[in-house]
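Chains as they are written, first to last, in this note's numbering: chain P, 1 to 261; chain Y, 1 to 341.
FYI, nobody ran anything at the bench for these hints, they're computed from the structure. Computed from a predicted model, the values in this text were never measured in an experiment. One or more of the hints may lead you astray.
To be verified - Which chain P residues face chain Y? A few, computed with CB under 10 angstroms, are given here:
(1) Gly-7
(2) Met-9
(3) Asn-37
(4) Ile-40
(5) Asn-151
(6) Asp-153
(7) Pro-154
(8) Asp-207
(9) Ser-212
As the list claims (entries may be wrong) - Simulated restraints, written as ranges between beta carbons of each label pair:
(10) Y:Lys-144 <-> P:Arg-97: 47 to 53 angstroms
(11) Y:Phe-320 <-> P:Ser-12: 35 to 41 angstroms
(12) Y:Gly-110 <-> P:Thr-241: 53 to 59 angstroms
(13) Y:Glu-268 <-> P:Met-105: 45 to 51 angstroms
What the hints assert, rightly or not - Every beta carbon over 10 angstroms from chain Y, so not counted as near; a handful from chain P, in silico:
(14) Ala-35
(15) Pro-39
(16) Thr-84
(17) Val-104
(18) Asn-161
(19) Glu-169
(20) Trp-203
(21) Ser-205
(22) Asn-220
(23) Glu-248
Each residue gets a CB set at the ideal place from its N, CA and C atoms; glycine is no exception.
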Amino acid sequence: MQKYFVGFMKLSSYTIPPTLALFLLLSIWEIWVRAANVPIYIFPAPSIIFTRLFQDMGFFLSHGMTTLTEALLGFILGATIAMTGATFMAHSRLLERSLLPIAVMIKVTPIVAIAPIFVIWFGFGSFPKILIASLITFFPVLVNGMSGLRNVDPVVLDLLNSLNASRREIYFKLRLPSSMPYLFAAFKISIPLSVIGAVVGEWFSGDRGLGSVIIVSHANLDMPTLFSAIFVLAGIGVALTIIVFYLEKKVLRWHDSSVIT
Amino acid sequence: MNAFRAVGNCNKAKLVIITFFSLIALLACGVMETSEPNNVTFMAGYKPQANLPFVATYVAQEKGYFKEHNLEVEILHTTSGDNIQLLMSGDVDITTSDATSVLKRRSDPGIPITAFALFGQKGQQGFLSLKSSDFNSPKDWEGKTFGYKFSQPPEYLAILENEKVDRTKIQEVRVGFDPRVLTEGQVDILAIFKSNEPDTVRNLGFEVDLWDPADFDVPTLGLTYVTRETDIESEVVEQFLKATMKALEFTIENRDEAIDIVMKYAPEEDRDHQKFMLNTEIDDAQSAITDMNGLGSMTSNQWESLYGHLIRYGALPKEFDIKSAFTIDVLDQVYKGNKLR
């Protein structure tokens, strides 16, 4: 019983402060909009947004699922390519010197400039959105992955070398586990980015996903719908980030980063 | 007697001096009044380019017509489509909007804006297909893909109904604003602005067919000047319209010079494309109504036809009193017959 109480108290200490902060923010927003008599088409009150959201929850969840799927697939694709690249680049300075500038070029290219071209190349389905999400998530995983794979304990590396361990064994027994804290740090950045990537992709074509809802409702000056979509997106982003934190805690039990002070 | 005369002369001299200074003071007040121009912020609803309502303001600014009407006009542009919100927040005094959008915004969320001049006697929107598609009529669109910008335009739905086209046989997809989806074969018919994409696609080396809703008896209207309903009777709106209508007449008579002025505001744009845009919009800005009542004119019948059409095709979320959406009163102050006052 005491164990459950402690668990409950611990959970409360994580959830109550942000919930109160959010409640306070929404209250200030609501009071300000009403006191200043701000028109709905300029900035709607949270009560109006929540009414719109709950009236048509199915609509927002359905579009939210599309965006979530595209974001996750983009994240998986981007992270896989980045980790593969990081593996090769961590083993070869020549490859790093050759490929890293290209990766930086991809990173600094504005996604909004590429998105319309992807529509022309790949059509109006989910694929261009997944590609955009993967592009935006690629760089943090690449850089952190490379650092993590390189930054191994030299004593353990010497030991494995003295035991004639193969490159494959060193990779799976030492480099990959050592890179995990770096990778999770990158995932925490990349996961919300993947949602942004999917949304940007949806702005340019197609009629599915929260990005499409945002762009059309903006064109119609339908602010309650626009903000409802933003709230759902924020919810998706927060949920994904919490999942990454949770996974990090489970996977990196052995590492200092999982210990919360 | 002489003393009286002397006093009388002295009083006369005083009277002359007082009258003289009073006149100077009055004159100074008058000068001060006219030297205080009315500040107006105009926001064009898109980037700097040769859309006719934009050009009218550029020309009025450069030729000094705004100054003639005691206006100090700041010309702004937006690419984010926030001009109506900025109008209502008071950051902007006058902006542009196409007539359909005026009715949509009036319908929901009920934004109190009023159009006071109509440039496009025909709508801006049309549909484009490649000549190689060999479409003879909209009936040939069946089995093809149609790309639209935001939502299916009511003009498209009206054409399909008028021409008895089976809509279920057409794939419809939102494609945004890049016309290359047409040239690259992603779509077969593309919703476009008549004064823009036809020229762009031709410049890419493709022959095109333009489908104008007006040719299928679909009621459409183009760009308007709008302001807040509460400001519609202000003198500033009247003076603004006087200056821009004068500029519009100048533009039609001196197209090359008008394009020179446009290029000052849009130096990175292609001059020939701007010329195409201007010529197309000038053609669409003239009709029997403007011949009779002057450029920028409009009638209740035009607006009622458009309103009925939009209601019929579900483009307006709610019905409302259409009289609040436009006024011809300002035009009446500006024109006598079809001549500027």
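Open item on the list: Of the numbered hints stated earlier in the document, which are not met by this structure?
Closed with: Per hint list: 1, 2, 3, 5, 6, 7, 11, 12, 13, 15, 20, 21, 22 violated.
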